[in-house]
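There are 2 protein chains.
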Amino acid sequence: MIDQLIKLIVSTGAPIVVGLDPMMKFIPEHIQKAAFEEKGETLEGAAEAVWLYNKEIIDHIYDLIPAVKPQIAMYEQFGIPGLAAFQRTVNYCKEKGLIVIGDIKRGDIGSTSAAYAAAHLGKVQVGANVYAGFGEDFVTVNPYFGIDGVQPFIDVCKEEKKGLFLLVKTSNPSSGEFQDRLIDGRPLYEHVGEKVAAWGEQMMGTEGYSYVGAVVGATYPEQGRVLRKLMPYSFILVPGYGAQGASGKDLVQFFDAQGLGAIVNSSRGIIAAYQNEKYQKFGAEHFAEASRQAVIDMREDIDSALGEAGKD
Amino acid sequence: MIDQLIKLIVSTGAPIVVGLDPMMKFIPEHIQKAAFEEKGETLEGAAEAVWLYNKEIIDHIYDLIPAVKPQIAMYEQFGIPGLAAFQRTVNYCKEKGLIVIGDIKRGDIGSTSAAYAAAHLGKVQVGANVYAGFGEDFVTVNPYFGIDGVQPFIDVCKEEKKGLFLLVKTSNPSSGEFQDRLIDGRPLYEHVGEKVAAWGEQMMGTEGYSYVGAVVGATYPEQGRVLRKLMPYSFILVPGYGAQGASGKDLVQFFDAQGLGAIVNSSRGIIAAYQNEKYQKFGAEHFAEASRQAVIDMREDIDSALGEAGKD
Chain A
327 MIDQLIKLIV STGAPIVVGL DPMMKFIPEH IQKAAFEEKG ETLEGAAEAV WLYNKEIIDH
387 IYDLIPAVKP QIAMYEQFGI PGLAAFQRTV NYCKEKGLIV IGDIKRGDIG STSAAYAAAH
447 LGKVQVGANV YAGFGEDFVT VNPYFGIDGV QPFIDVCKEE KKGLFLLVKT SNPSSGEFQD
507 RLIDGRPLYE HVGEKVAAWG EQMMGTEGYS YVGAVVGATY PEQGRVLRKL MPYSFILVPG
567 YGAQGASGKD LVQFFDAQGL GAIVNSSRGI IAAYQNEKYQ KFGAEHFAEA SRQAVIDMRE
627 DIDSALGEAG KD
Chain B
327 MIDQLIKLIV STGAPIVVGL DPMMKFIPEH IQKAAFEEKG ETLEGAAEAV WLYNKEIIDH
387 IYDLIPAVKP QIAMYEQFGI PGLAAFQRTV NYCKEKGLIV IGDIKRGDIG STSAAYAAAH
447 LGKVQVGANV YAGFGEDFVT VNPYFGIDGV QPFIDVCKEE KKGLFLLVKT SNPSSGEFQD
507 RLIDGRPLYE HVGEKVAAWG EQMMGTEGYS YVGAVVGATY PEQGRVLRKL MPYSFILVPG
567 YGAQGASGKD LVQFFDAQGL GAIVNSSRGI IAAYQNEKYQ KFGAEHFAEA SRQAVIDMRE
627 DIDSALGEAG KD
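Protein sequences, first through last, are from chains A and B. Here the numbering used here is used: the first residue of the first sequence is 327, the next is one more, and so on. Here the numbering used here is used: the first residue of the second sequence is 327, the next is one more, and so on.
Watch out, some of these pointers could steer you wrong.
Among the chain A residues that face chain B by a calculated CB cut under 10 Å, a handful are [claimed, not checked]: (1) LYS333; (2) ALA443; (3) VAL452; (4) LEU508; (5) GLY534.
Straight-line C-alpha distance at most 30 Å; calculated DSS-like pairs for lysine-lysine [said to hold, decoys possible]: (6) LYS484/A - LYS351/B; (7) LYS351/B - LYS449/A; (8) LYS449/A - LYS521/B; (9) LYS365/A - LYS351/B.
FYI, nobody ran anything at the bench for these hints, they're computed from the structure. Quick caveat: nothing in here was measured; it's all calculated off a predicted structure. Beta carbons are placed, not taken as given, at the ideal position from N, Cα and C, and that holds for glycine.
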């Protein structure tokens, strides 16, 4: 799956993943109204609004990008109907040829980790039958437990040819509270990065990168530079672009010399672009066209930053 | 809710939480058969088996214990029907007067953490209506993000009078890989414990303990002793009893001088007791009676260990 991701990044020229994180305040009035008219102001109605919103955005951007990253929390808050909308979104994106990174940040141990891995990447046995879980292609995983928490995910990935992104250095302001603490003179996130690199070596794709990648926040470009070197075979998923403050020039450190090795996430910057002054002219009715333009602009921003850095 | 938990621990004399982590291999044949006959060998059938199994166990033990801890991964692996069984289990346990600790180990930042908090402890707005989420009383949370990830949970807990257990030192063998690394001469888990204690001070119950508790594995009793002192107001949720190897005498360090301050989890040791040689005589048909006996024995084990330590 990492090979497929790289292939799609090259063919689209867009090392971009769009975060499908549908908060109610992003969903235009007319979509909410249509959904509530059909299903009421219920959890089902909210889930329908989420689905209609996602579908229109996907239809407008799927040809431009390699991957999407739905954040499951945004669906989980609407209970069972919300999770059904998550499932529907995953299925629809896969139909459209997109790679789906489930942003689930699960992390536990042993049989529990194995159950999460089965739920999102693998299969589950019921009597004589076998069922696929939610069916993402990659998931994000929290490394706090050490290898006990990660190995069950790796095992399922090996079997299913799927992949992981392990949290190394997160994009939030307080990420340093634990992640930056010095251990033997080096921050915790470097130690985590080293482990991620080592764990990934047991699972290499054919394009020079491992199925086991890392999450490193765009808001920490200097750390990105260090981690890029420390994890030469780990693809880096980079959140924090746009709304969280990072721009194209902050990103070049995350890429390798060929302009590969990283994929940059933007969520509200794309899906709620119509609420941004820059794209206001599209209006709420044409929110998905605003999203399309925002993807094009983001691609251009990254492309020119990589060009200036001689990485293209 | 922490006050209510303490009250129930005192009234039952059982600082015990039963982990409702229904793996298929634990569910007796006759239950699986009944479920599959009704719903087929489908995800719905698996969810029905899980529900029937849980219900019978709950019916046999609810009067002995203060709380249950369903592990959501075990439900999530059966997709939407599995999560519906999780919901049904939470609701049923609450009807029975049990406190429900959702073992979800979620952790993310900002609006995403807020969405998880709404999903499991809080409420969500849809149009003019407000809906409760899955409705647990406590959830477990991963601290890797620092306070950005925890504060949204604390905010919801304040509003809803609910609580948290933050991962500090987990029970698995590789938990030391990152958690034991020395920072300024002390292991990471002590630094995390100190933060948990500090975060908890903003949210004290009336019984001397905070709404913000900690998870510390029973498999690390020495660390339990240190952390008990470091987090004097943090209730400790202690996994690792029984199947993971710890026994009553390993637990006394986690309790305060009054024999309070900790609640010990057992999952398969209780719910799959009938598969244990010690309780084989009950047979699969009477699996829930075996669970009841296992709870009684566990209470006795902890009680006598606390008695020997002069903590009762």
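Evaluation of the provided hints:
{"no.": "1", "hint": "LYS333", "result": "violated (29 Å)"}
{"no.": "2", "hint": "ALA443", "result": "holds (9 Å)"}
{"no.": "3", "hint": "VAL452", "result": "holds (4 Å)"}
{"no.": "4", "hint": "LEU508", "result": "holds (6 Å)"}
{"no.": "5", "hint": "GLY534", "result": "violated (27 Å)"}
{"no.": "6", "hint": "LYS484/A - LYS351/B", "result": "holds (24 Å)"}
{"no.": "7", "hint": "LYS351/B - LYS449/A", "result": "holds (16 Å)"}
{"no.": "8", "hint": "LYS449/A - LYS521/B", "result": "violated (38 Å)"}
{"no.": "9", "hint": "LYS365/A - LYS351/B", "result": "violated (39 Å)"}
Hints 1, 5, 8, 9 from the list above are not met by this structure, while the remaining hints are.
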